[in-house]
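Peer 1: If you want the building blocks of each chain, they are given just below.
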Amino acid sequence: MSLVSLDQVHKYYGENHVLKGVDLKVEAGEVVSIIGRSGSGKSTLLRCMNGLEEYQKGAVIVDNQSVENDDYKLRLLSRSVGMVFQNFNLFPHMTVGENVMLATKLVMKKSSADSEILAKELLEKVGLADKFSAYPGNLSGGQQQRVAIARSLAMSPKVLLCDEITSALDPELVGEVLKVLEKLKQEGMTLILVTHEMNFARDVGDRVVFMNQGRVWETGQSDEVFSNPQTEELQSFLAAVR
Amino acid sequence: MVQFTDWDILKNLLLAARWTILLSLLAFAGGGLFGLILTLLRSMRSKIITRIIQTYVEIFQGIPLLMQLFLTFFGLSLIGIEVDAWSAAVISLTLFSSAFFHDIWRGCIEALPKGQWEACRTLGLTYLQTMRYVIVPQAMRMSIAPTVGFSVQIVKGTALASVIGFVELTKAGTMINNAVFQPFKVFAMVAVLYFLICFPLSVLARHLEKKNHVAR
Numbered sequence: 008m009s010l011v012s013l014d015q016v017h018k019y020y021g022e023n024h025v026l027k028g029v030d031l032k033v034e035a036g037e038v039v040s041i042i043g044r045s046g047s048g049k050s051t052l053l054r055c056m057n058g059l060e061e062y063q064k065g066a067v068i069v070d071n072q073s074v075e076n077d078d079y080k081l082r083l084l085s086r087s088v089g090m091v092f093q094n095f096n097l098f099p100h101m102t103v104g105e106n107v108m109l110a111t112k113l114v115m116k117k118s119s120a121d122s123e124i125l126a127k128e129l130l131e132k133v134g135l136a137d138k139f140s141a142y143p144g145n146l147s148g149g150q151q152q153r154v155a156i157a158r159s160l161a162m163s164p165k166v167l168l169c170d171e172i173t174s175a176l177d178p179e180l181v182g183e184v185l186k187v188l189e190k191l192k193q194e195g196m197t198l199i200l201v202t203h204e205m206n207f208a209r210d211v212g213d214r215v216v217f218m219n220q221g222r223v224w225e226t227g228q229s230d231e232v233f234s235n236p237q238t239e240e241l242q243s244f245l246a247a248v249r
Numbered sequence: 005m006v007q008f009t010d011w012d013i014l015k016n017l018l019l020a021a022r023w024t025i026l027l028s029l030l031a032f033a034g035g036g037l038f039g040l041i042l043t044l045l046r047s048m049r050s051k052i053i054t055r056i057i058q059t060y061v062e063i064f065q066g067i068p069l070l071m072q073l074f075l076t077f078f079g080l081s082l083i084g085i086e087v088d089a090w091s092a093a094v095i096s097l098t099l100f101s102s103a104f105f106h107d108i109w110r111g112c113i114e115a116l117p118k119g120q121w122e123a124c125r126t127l128g129l130t131y132l133q134t135m136r137y138v139i140v141p142q143a144m145r146m147s148i149a150p151t152v153g154f155s156v157q158i159v160k161g162t163a164l165a166s167v168i169g170f171v172e173l174t175k176a177g178t179m180i181n182n183a184v185f186q187p188f189k190v191f192a193m194v195a196v197l198y199f200l201i202c203f204p205l206s207v208l209a210r211h212l213e214k215k216n217h218v219a220r
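In the order they appear, the protein sequences are chains A and B. Quick note: the first sequence uses the working numbering, first residue 8, plus one each step. Quick note: the second sequence uses the working numbering, first residue 5, plus one each step.
It is worth saying that the hints were derived from the structure and are not from the lab. Even for Gly, the Cβ is constructed at its ideal location relative to N, Cα and C. Watch out, some of these pointers could steer you wrong.
Stated by the list, open to error - Subject to a maximum C-alpha distance of 30 Å in a straight line, what follows is the list of computed DSSO-like cross-link-like pairs (lysine-lysine):
#: 1; chain 1: B; residue 1: Lys118; chain 2: A; residue 2: Lys64
#: 2; chain 1: A; residue 1: Lys64; chain 2: B; residue 2: Lys15
#: 3; chain 1: A; residue 1: Lys117; chain 2: B; residue 2: Lys118
#: 4; chain 1: A; residue 1: Lys127; chain 2: B; residue 2: Lys118
#: 5; chain 1: A; residue 1: Lys127; chain 2: A; residue 2: Lys192
Claimed, not checked - Stretch by stretch, here's where chain B covers chain A in the computed footprint (C-beta under 8 Å, at least three residues):
#: 6; region: 18–32
#: 7; region: 86–92
#: 8; region: 102–114
#: 9; region: 158–167
Said to hold, decoys possible - Okay, the calculated bits of chain B under chain A, using three or more residues with CB under 8 Å as the criterion:
#: 10; region: 118–129
#: 11; region: 136–147
Build out the structure end to end from the sequences listed, making use of the hints.
Peer 2: Dropping the structure here:
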């Protein structure tokens, strides 16, 4: 069974039909990029995978758990699915270390000592070992985003959802964040990213999903999709972003 | 006829000022506690609870404190509960300030980015953990200055308790004036005493606000 599986997912915001029957399967270890114009439903789709958005019809199954609007089930799900946001959403009143350790202590019930070892290890991995006691407000955007990645990884998720995680960054800081993602891919992490980084999607991503008008319009292996787009909509989209 | 020296007047006013301060403290504590409960209840986002609290706040913010005092003082005795001026004043000021405190604190919680809640949710924190470790600490920092600022309003609000016969600073001033017939002098002293209570609070509020801005 696929790690992430969406079956005919429909989502409405009131009258507005934003997801019109989306099917998508993601296997463990895959790196899938979701691209598309703003308003095409790509972020909403991502947020349906961890219950941040409710859907009205269809099924979303992640790591053999059905994603439903039920607080208890969503808390269980949070151990399988991590999420990194466009605006980092770090806790500004806590140090970097405390940010990473909060959930390991409260949710995973790890001891302070174990949490600290894990946090330091993860911060080392994202290249911020020396920032353990710093506050997020004193870090650059790229550093903050890497802390946010470390915080998600502390829950040892099976899949990491990335919602435009480089969009709020200054261009020169994008690289350091993408490098971390590349490293995660090499370690076998499953990544699903909504992204505008077409180069990253093509070079690092395994598969691309092009969303248009609330549907999966076109999907395929990355190099193929980029070199040989089939639909007119994807062609014009790629022409516009290049 | 007995002669009152200025010191006599001031002494009696100072004695009465104790009650102004005590009443303010009780209203601050009671209103704070009740306001906190309202705020926590409301953050649970139940539609019915929100509607009830909203109505509560609108009623207490939309009716002059003076009327609230009258209604508590005369209304409760009408349904058979005898309240003295003390209790009526404490009850009214508590309810009044709880509505405002709730409004201030709700505003602080809502001012936090939605992403803070979402981050907690994706990390698997429970509602209570989210409040305890992430929302309340940040909202509290933001709320200190407006909370202290509102306490000035409470102190000034206690003056209205004089009309139901509670002898605090204002009432004492009225009574003393009835004996000495020097309204300007007496009420100027009353005014100075209020100012001496409120001014430090205003300064504190401003100081805390500045500190908060630097911290962010």
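Peer 1: Confirm or reject each hint.
Peer 2: Now the hints, each set against the structure:
Restraint check for Lys118 (chain B) and Lys64 (chain A): satisfied, since their Cα atoms lie roughly 25 Å apart, inside the 30 Å limit. Among the hinted pairs, Lys64 (chain A) with Lys15 (chain B) is inconsistent with the structure: their alpha-carbon atoms are about 76 Å apart, more than 30 Å. Taking the CA atoms of Lys117 (chain A) and Lys118 (chain B), the gap is near 27 Å; set against the 30 Å cutoff, the hint holds. The straight-line distance between the Cα atoms of Lys127 (chain A) and Lys118 (chain B) is roughly 28 Å, inside the 30 Å bound, and the hint therefore holds.
Restraint check: the Cα-Cα separation between Lys127 (chain A) and Lys192 (chain A) comes to about 20 Å, which is no more than 30 Å; the hinted pair holds. Coverage of the region 18–32 of chain A by chain B is violated [criterion: at least 3 residues with CB-CB distance below 8 Å; count 0]. Counting residues of the region 86–92 of chain A whose C-beta lies closer than 8 Å to any C-beta of chain B gives 5; at least three are required, and the coverage claim holds. Coverage of the region 102–114 of chain A by chain B holds. Counting CB-CB distances below 8 Å, 4 residues qualify, and the rule asks for three or more.
Counting residues of the region 158–167 of chain A whose beta-carbon sits less than 8 Å from any beta-carbon of chain B gives 3, enough to reach three: the coverage restraint holds. Interface restraint, the region 118–129 of chain B with chain A: holds (9 residues with C-beta to C-beta distance below 8 Å; minimum three). Closer than 8 Å: that is the beta-carbon criterion, and the region 136–147 of chain B has 5 residues meeting it against chain A, so the requirement of 3 holds.
Going down the numbered hints, you'll see the structure goes against 2, 6, while the others check out.
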